[in-house]
Amino acid sequence: MIEWIISILLLIGGSFVLVGSIGLVKMPDFFMRLHGPTKATTLGMASLLTAAMVFFSTTQAGLSVKEILISLFLLLTAPISGYMMIKSAIHHKLDSIERTKGKDNIEDDC
Amino acid sequence: MRLEARFTWLPTPVLSLLLFIVWLLLNNSVSAGHIVLAVILAIVIPLVVSPFRTKQPLIIKPGLALRHLLLVLYDIVTANVQVAILILGPTRKLTPGFVKVPLDLTHSTPITILASTVSLTPGTVSAEIYPWSENLIEGAEPEQVYLLIHVLNLTDEQALIKTIKQRYEAPLKEIFKC
Amino acid sequence: MLENVILIVFAMIGVSLLLNLWRLLIGPSVPDRILALDTMYINTIALIILYGMSMGTALYFEAALLIAMLGFVSTVAVCKYLLRGDIIE
Chain V
1 MIEWIISILL
11 LIGGSFVLVG
21 SIGLVKMPDF
31 FMRLHGPTKA
41 TTLGMASLLT
51 AAMVFFSTTQ
61 AGLSVKEILI
71 SLFLLLTAPI
81 SGYMMIKSAI
91 HHKLDSIERT
101 KGKDNIEDDC
Chain X
1 MRLEARFTWL
11 PTPVLSLLLF
21 IVWLLLNNSV
31 SAGHIVLAVI
41 LAIVIPLVVS
51 PFRTKQPLII
61 KPGLALRHLL
71 LVLYDIVTAN
81 VQVAILILGP
91 TRKLTPGFVK
101 VPLDLTHSTP
111 ITILASTVSL
121 TPGTVSAEIY
131 PWSENLIEGA
141 EPEQVYLLIH
151 VLNLTDEQAL
161 IKTIKQRYEA
171 PLKEIFKC
Chain H
1 MLENVILIVF
11 AMIGVSLLLN
21 LWRLLIGPSV
31 PDRILALDTM
41 YINTIALIIL
51 YGMSMGTALY
61 FEAALLIAML
71 GFVSTVAVCK
81 YLLRGDIIE
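Protein chains in written order, with full-length UniProt numbering: chain V, 1 to 110; chain X, 1 to 178; chain H, 1 to 89.
Worth flagging that the hints you see were computed from the coordinates, not collected in a lab.
Be aware that a few hints might be false.
Said to hold, decoys possible - Quick list of in silico lysine-lysine cross-link-like pairs, PhoX-like style, CA-CA up to 20 Å:
(1) K100(X) x K101(V)
(2) K93(V) x K100(X)
(3) K26(V) x K93(X)
(4) K87(V) x K80(H)
(5) K80(H) x K103(V)
(6) K103(V) x K93(X)
(7) K101(V) x K87(V)
(8) K55(X) x K165(X)
(9) K100(X) x K103(V)
(10) K177(X) x K101(V)
(11) K87(V) x K103(V)
(12) K162(X) x K173(X)
(13) K165(X) x K177(X)
(14) K55(X) x K162(X)
(15) K100(X) x K87(V)
(16) K103(V) x K93(V)
(17) K162(X) x K101(V)
All chains, full assembly: derive it from the sequences and hints.
Below, the structure written as structure tokens:
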């Protein structure tokens, strides 16, 4: 039973990580590429780490909850690194694809 | 908005609690020795580093903060599934866009929390905060602050702005009372 | 059954690492390459955790935590360098 739970969590996590990377390759411009890794990969990692938590809690003596730390850390830092990257992309005036709406909302920074 | 903590020996209650939990998680035990050590660290470290920190608003309604956290976690899961479907679907049909969201918040800490939540939830990444200034608390006359976000699939701009303001900004205003 | 599932997830993460490497190599601009590196280190954490699970040891956890921290700091440092031409002003 527990083996089933771990397997399902692992497969969900692996697919989300894979989807994030597919988004990284497939999307046409930088701003759209950013969506895959910042969101899908975070949830995928949380799911994988939950699976690891259940696995180590059942196979080894005692409860193992320290995997939550990595999930928490990734959840806290993913928006910040995403923000830094999109800020540097705007600073470098990267092109977004033609059909992007509201491009004039971007103001020039000094 | 309240900047000063209720007790001078506990300048940042939430960060102390976080420090306590992280220490116990890192050691993976709840034995008495580790709990005592965690309490000592959670009280001493904020006291030692408090002269280096700028004063930040404190959470006034912890219950509401907890409820908001659970709501955001639920939204992260649903939004991730939506984004995964959007990524796997045909790329040509996506209409990305930049949207400017006017904010009612003025202090930088709630704005940071709002920007992070927006980054983690429905198909949006927060990109920039206008007007750009080093410290938003200083100005005597607070300007209208805008949050520039990039949306993966923009269908209804007004509805999106309304969702962000009602679902994520209004609870933050309540939590920090500003 | 679990061994096979772990192998499948190994393959999934390996493929995503290859996709990231592809983006790192072609990625037309510098922020693209930073994004690819950022995703790569997150996937590496997944790989290490999975390796620990298949070996049945929790010893790799600390390594994964360290990689998470170093990866975040390095991403922010490189972005800061791109933004200002300097890391510590």
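Tested hints:
{"no.": "1", "hint": "K100(X) x K101(V)", "in the structure": "11 Å, holds"}
{"no.": "2", "hint": "K93(V) x K100(X)", "in the structure": "18 Å, holds"}
{"no.": "3", "hint": "K26(V) x K93(X)", "in the structure": "13 Å, holds"}
{"no.": "4", "hint": "K87(V) x K80(H)", "in the structure": "9 Å, holds"}
{"no.": "5", "hint": "K80(H) x K103(V)", "in the structure": "24 Å, violated"}
{"no.": "6", "hint": "K103(V) x K93(X)", "in the structure": "18 Å, holds"}
{"no.": "7", "hint": "K101(V) x K87(V)", "in the structure": "18 Å, holds"}
{"no.": "8", "hint": "K55(X) x K165(X)", "in the structure": "26 Å, violated"}
{"no.": "9", "hint": "K100(X) x K103(V)", "in the structure": "10 Å, holds"}
{"no.": "10", "hint": "K177(X) x K101(V)", "in the structure": "35 Å, violated"}
{"no.": "11", "hint": "K87(V) x K103(V)", "in the structure": "15 Å, holds"}
{"no.": "12", "hint": "K162(X) x K173(X)", "in the structure": "15 Å, holds"}
{"no.": "13", "hint": "K165(X) x K177(X)", "in the structure": "16 Å, holds"}
{"no.": "14", "hint": "K55(X) x K162(X)", "in the structure": "31 Å, violated"}
{"no.": "15", "hint": "K100(X) x K87(V)", "in the structure": "15 Å, holds"}
{"no.": "16", "hint": "K103(V) x K93(V)", "in the structure": "11 Å, holds"}
{"no.": "17", "hint": "K162(X) x K101(V)", "in the structure": "18 Å, holds"}
Hint check: violations occur at hints 5, 8, 10, 14; the rest are consistent with the structure.
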